[in-house]
Amino acid sequence: MAGKTLFDKIWDTHFVREEPDGTTLLYIDRQLVHEVTSPQAFEGLKLAGRRPRRPAATLAVPDHNVPTTDRRLGIADAISAKQIQTLEDNCRDFSITLFGMNDIRQGVVHVIGPEQGFTLPGTTIVCGDSHTSTHGAFGALAFGIGTSEVEHVLATQCLVQKRPKTMEIRVDGVLSDRCSAKDIILAIIGKIGTAGGTGYVIEYTGSAIRALSMEGRMTLCNMSIEGGARAGMVAPDEKTTAYIKGRPLAPKDALFEQAVRAWEQLKTDPDAKYDATLVMRAEDIAPQVSWGTSPGMVLGVDQRVPDPATMTDDNTRKATERALEYMGLAANMRIADIRIDKVFIGSCTNSRIEDLRLAASLAKGKHVSKTVHAMVVPGSGLVKQQAEQEGLDKIFREAGFEWREAGCSMCLAMNADVLKPGERCASTSNRNFEGRQGAGGRTHLVSPAMAVAAAVEGHFIDIRHWS
Amino acid sequence: MQAFTTLTGLVAPLDRVNVDTDQIIPKQYLKTIKRTGLREGLFFDWKKQKDGSPDPQFFLNQARYQGATILLTRDNFGCGSSREHAPWALLDQGFRCVIAPSFADIFYNNCFQNGILPVVLTADEVLAMMHEVLATPGYQLTVDLGKQTVTTPGGKICTFTIDPFRKDCLYRGLDSIGLTLQHESAISVYEKKRKAEAPWLFTDIPS
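For the record, the sequence lines run as chains A and B.
With this note's numbering applied, the first sequence corresponds to residues 1 to 467, in that order.
With this note's numbering applied, the second sequence corresponds to residues 1 to 207, in that order.
No lab work stands behind these hints: they were computed from the structure.
There could be a bad hint or two in this list.
Unchecked claim - Label-pair distances were calculated between CB atoms; the ranges are: (1) A:78 x B:6: 42 to 50 Å; (2) A:70 x B:197: 26 to 34 Å; (3) B:135 x A:337: 37 to 45 Å; (4) A:464 x B:154: 54 to 62 Å; (5) B:163 x A:248: 34 to 42 Å.
Given the structure is predicted, the values throughout are model-derived calculations rather than measurements.
All C-beta atoms in this analysis are idealised placements derived from N, C-alpha and C, irrespective of residue type, glycine included.
Chain A with its partners taken away, still in its complex shape:
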């Protein structure tokens, strides 16, 4: 019998039953819930007179709408406030654990899952949010679902799923100085395109992936969805177990030891086959900057903005012309010559303690350019607390960055943190769609290190050679 991939092992241990066409009822171990995609799911349960099957398997937190300014002032936007109140009411009515807006444990849902030890290897994890792929960093099968499926999981602890295909993306070698997981994943998306992973679950392998910290692996898996893959995963190793050990919701003592023994089996067998494989060299990856309105429109900072006139494919040319017009960029200009107005360091992609440490180390002793407004939004209340204990907030403030409360913030601008029309932002978030950070706003996706350098210089700069 052929060996199994990491994905196969998790899928097979969560199989409940199947239809004649192979459609599988898959067991879901964990669900994360936030305020935006859950109200209609809870309403559905109420209307049908159903109860959650396992309330303890779900953890809820408000993150998309919360203000990142002083929380004691409440939420100015009445509709946002109502949505957060609705989440609180639903969690109370259905006995689901909620980290409320003023709880130190509150934060971006994909930051707090791992932080609390709710995210564990070998599990199936869902959330009504496409960046659920983040949790794959622990060797979990984690993917985003719609609100109807949120309701389905609450009611049944299962989902009806078609088995996806598997893709290995192997990155070997050593990253250049100051390049990071964000550059790896942006380079991958640039290569495969935003639909390259459609229908697949990606497993990231290779020495450059193994060398990443857990935070780096989360950044990597987080943006699998931008490459079209619902899930990305990295096999667990000693870094994974070291990260999990002692976290509030992680197994303890003998159960932890038993779990670790099981997690050691969670790797792709040597004779297993993937449906597709892509191989890249870490040395070839330059610091990445997106120039367009889709995450696949991305290049190294040492490149020039593409010229639609040279494109033969009609769809690509039209999409490029439209993107350049929206972004206010000229074909063939140097990416390093793009000047920016705003900098956002945060989001479920890059708001963890390691991201903030790196950003602070580069910001120390420097100052944000006079023409730039820069903000740092930690991923959770606990990340914020940790950063403050280490003095990172002081470094950021002295360098001219704003230091905010935890939340999704300007990644999708559902709260008050919004770009104005025409404003250009270097952002550590994950989507550069038209209007994503505010109607008419222009987003360039970068790593935290690139964002700090751009904040200081007022334009993009190759951090490999930045002093």
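Start from chain A and add chain B according to the hints.
For chain B alone, coordinates are given in the frame of chain A:
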């Protein structure tokens, strides 16, 4: 959920690739706690000009596409955010079917939860239909889920594939949660077996 069997309807063209769900319905419409009334937000930023007035070039603002029930579009439709508000908004506008050469996975799933049929045809078939719909006011297609066909006014029949289980659920308009609950005993058996293998995941379930 409303069943989908056959549909003969007016076709609206959206000739763009990689249409993401942020464009289908932007963030300010995600603050609702209801599923209905979202048509106002459908393609909100694309249907307006810079001064806020309706863009006469955008298909939703053109008289000839009013009442359309079938959306014809390009590759990777519905990419990005998992927001189910995207199919809710399409449904609220009256769309029951979206035809494209490819869809993003989460959006494709979400359609089936809401009685919308996403149909994958080849890029060439979609291109030919796109030319026809732009050239022909009142252009209609007939979509037959049972036979898995799309028929053009000229009589050309294109076939599409769909998973049999999904097809059956949509064709009969079945309550998907109700279906799963019929397998409650299988779920309980699974939980018991899995708890023995991985007890750290089931500390809330008594032995």
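Taking the hints in turn, this is what the structure says about them:
The supplied range of 42 to 50 Å is met by residue 78 of chain A and residue 6 of chain B, whose beta-carbon atoms lie about 44 Å from each other. Between residue 70 of chain A and residue 197 of chain B the C-beta distance comes to about 48 Å, which lies outside the given range of 26 to 34 Å. The hinted window of 37 to 45 Å between residue 135 of chain B and residue 337 of chain A holds, with their beta carbons roughly 43 Å apart. One distance hint, 54 to 62 Å for the beta-carbon pair residue 464 of chain A and residue 154 of chain B, holds here, with the actual separation near 58 Å.
Hint check: residue 163 of chain B to residue 248 of chain A, Cβ distance near 40 Å, so the stated range 34 to 42 Å holds.
The structure fails hint 2 only (numbered hints given earlier).
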